[in-house]
Amino acid sequence: MIEQYIPIFLVIGVSVVFSMAVIASSKLFGPQRPDSEKLSTYESGMKPVGGVRERISIKYYLVAMLFIVFDIEVIFVYPWGVEFKKLLGEQGISALVPMIIFLVVLELGYLYVYKKGGLKWD
Amino acid sequence: MNLIPIEYYLILSAFMFAVGVTGVLIRKNAIVVFMCIELMLNSGNLALVAFSSYMGSSAGQIFVFFVMTVAAAEAAVGLAIIIAIFRNKLTVNIDEINIFKW
Amino acid sequence: MPFEIILFVFFALIAAVSSVVMVTRPNPVMSAIFLVINFFALAGLYLLLHAQFISVVQVIVYAGAIMVLFLFVLMLLNSKSEQKLLSGQKKIKVFAIVLAAFVFIQIAYLIFFSSPSRSLSPDVAASIKAGTVEEIGRQLYTGYILPFEAAGFLLLAATIGALVLAKKKFN
Amino acid sequence: MQNHFQEIYNVLPLVLVACGVFLSVVIEIGSVKSEKILPWFSVLVFLGTSLFSVFNLNNCGTAYNNMLSYGGNVFIFYSLFNLAAALTVLSSMEYIKKYGSYFGEYYILLLSSVLGMMLMAGARDLFMVFIGLELMSICFYVLAGINRKKQNANEASLKYFLLGSFATGFVVYGIALIFGTAHTTSLEVIVSNFGSLSHNLLFVTGMLLFLVGFSFKIAAFPFHMWVPDVYQGSATTVSGLMSTGGKAAAFSVLLIALGAVFPGNAANVFRPYFAAIAAFSMLYGSIVAISQNNLKRMLAYSSIAHAGYMAIGLAAGNRESVAGIMFYLVAYTFMNLGAFGIIAMVEGADDTNLELKDYIGLSQRHPLLSALMALFMFSLSGLPPFAGFFGKYYVFISAIKADLTWLAILGVVSSVISVYFYLRVIVYMYFKEPEPEALPVHNNANGVLAVVISAILVVMFGIFPGTLINLITSYLR
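Heads up: the protein sequence lines correspond to chains A, Z, H and X, in order. Here numbering that gives the first Met the number 0 is used: the first residue of the first sequence is 0, the next is one more, and so on. Here numbering that gives the first Met the number 0 is used: the first residue of the second sequence is 0, the next is one more, and so on. Here numbering that gives the first Met the number 0 is used: the first residue of the third sequence is 0, the next is one more, and so on. Here numbering that gives the first Met the number 0 is used: the first residue of the fourth sequence is 0, the next is one more, and so on.
Check before you lean on any hint, since a few could be wrong.
Claimed, not checked - No more than 30 angstroms apart at the CA atoms, straight line, and that leaves these computed lysine-lysine pairs for DSS-like: (1) K96/X to K88/Z; (2) K115/A to K58/A; (3) K119/A to K149/X; (4) K46/A to K26/A; (5) K148/X to K35/X; (6) K27/Z to K90/H.
For the record, the hints were derived by calculation from the structure and aren't laboratory data.
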């Protein structure tokens, strides 16, 4: 079975090696005459302001947290979708019920976050 | 798969578990401590998948599924707690968080 | 040497080394990155164990979502690295390491002693079947409906709890 | 279709609470007056579920592919959790306002945590144990920090979270080893094969890791370090529920997982482990509690000690001990909830009025509360004729039957030690001269109601212990 995954390993291997090779070759073969202007951060022609390690706002966290929850939801829906036709054949329409309950519960969570302004950009 | 005895997987998982426990006990940054806990959960997952695969039953893999769900929920809540504490105290070092004795 | 063994050694080494490096790096961001590497190595091991679906989920959920959240919070809090990882309360730390080593040796010894491979007769066809999406979906939605619904409520509680604690203004 | 409805009816308590969670979120989203509706709505759900469980005790069986069992002692646990949560809601209504952090979410999370406890108590499969445990714990992590402006609460919540998920790590690894050696996750199969499995050292290791995880949750001695801080830092009413409902849920799993409910019992292999944590928890809890001046902290150490008394029953591992532990849990739940309820009422904003000296002269300021507090303290210390006495009595008797007389004696010794710090509260309330500037206690009808109900239950189970213990024993197979 693992043999079927050889192409994927190959793609991963090639992409890692290729990207490393490109970076390394430009370091090795390119001309390097650094000055302070060149080394400074590129800000579309503006003078850079402040450090790079600025603290970002907490509202991003809420979005990321919601992303995780719905990521999990999708992971649960996927095997259900694959097996759905067989389940429908065996159990009839009641094969839908567990997934509907699950989705309604999770969407309620989403609605809750929306109503509480968790997604507002204030 | 027949070439590698299940013991090797289990030893690896036991090793990761021990490393995770050590990390929880010696690290000070709350987020890193939490990452070590994730490592412990993953060592459990590895053992579960190994057993499940060598038994030819899906139950262990479905359990891993639920462990991942729980880990995600814990991550959401735990990091929210860390954010709340950071907002009040501006630190995540569990040594500095000591109104009480640790 | 067979392909499988090479892959096993490769992934197992990555997993073991990255876990140790993760625990010993003072900089939390480095720890997080090594944890991601560890998760990827585990995904490779799951693939070796014929758990194809779990392997993909591992990459999507753990290495993808959860670790992104971790890095996010690290950047959010911009926490400094721990200068003295092993000094200060040195006794406790040495004790912790000794304890963990003891636990590991104990479990490892038990694993070899009771050698579970004797009671397990690996059947490649069965284990390939057990790892497919179809089989997992079938089992999950026939036998494990109740834990599945409970997981829905768990995620709901987590969403609400995280919002309550993390939102800035709340009323 | 008929089957589906029958199955849903069998697990109706769970369905009721789940619908309660769902509807409470809907109310929180939809109504501006949710603050007024939600407390009473959740009390209604809890009481309804509790009554339904009590009246359906005889409908026993397992549901959903042996995932869950219902009826009998499981329903006794269900009604215990729900009653405890109802009392908690009653005493929280005014308490939450004191801290100006009035969230409808508080009640949603309480409902969810009770759902988790119920899943744990009814679980017949490691899947349900794990999911239920996590549902309960995650709600408690958030509830501990619900006063999110308070640094103490933040810290309590972080400590609880870190140590709680550390324990989860042990539970997961333990379950992995159990699954690998028993080849199943069904507790029924594991318990019935326990005799042969217990020769497999890997299985025993898995069980031990599992037990270590749960020892964190029941707050037993070497794994107790989070208890004092968390109980002191979190909202008082939440501490009350954590120390009673959470402990009862964890014990319900231990009673099922060890199969002590069944003949051919499992406890023998783990008897040294349980005997050790029982002995250490009792002595440590009782001795350290003596030096505490903060009432919440004192009750936290007393909770460690009580976990020790109950663990004596686990070490004994016979029919009497299972019944004894369940009786003890019921008694402990109501007396501890009552004590925490009173503390919540006396407590002022910003963690004031929590010290022992603040209780000087309470008997004059509020005779009813101080009388009830005295009652709870007598019961906690195990003096007859209150429920606490019979809890200890049944557990100690079971230990003597299992040839663990030394453990029973240790238990009696530590009870005698504990009388000192429980009675000290009463001495402070009644026999010390009050200071003139003592803060007044606000009247709070709902809180008093909750405390009075707990007091009535404590007295009732103290005077008629036979009814409950016979009921529990009759459901043990």
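Quick rundown of the hints versus the structure:
no., hint, verdict
1, K96/X to K88/Z, "24 angstroms, holds"
2, K115/A to K58/A, "13 angstroms, holds"
3, K119/A to K149/X, "25 angstroms, holds"
4, K46/A to K26/A, "26 angstroms, holds"
5, K148/X to K35/X, "22 angstroms, holds"
6, K27/Z to K90/H, "15 angstroms, holds"
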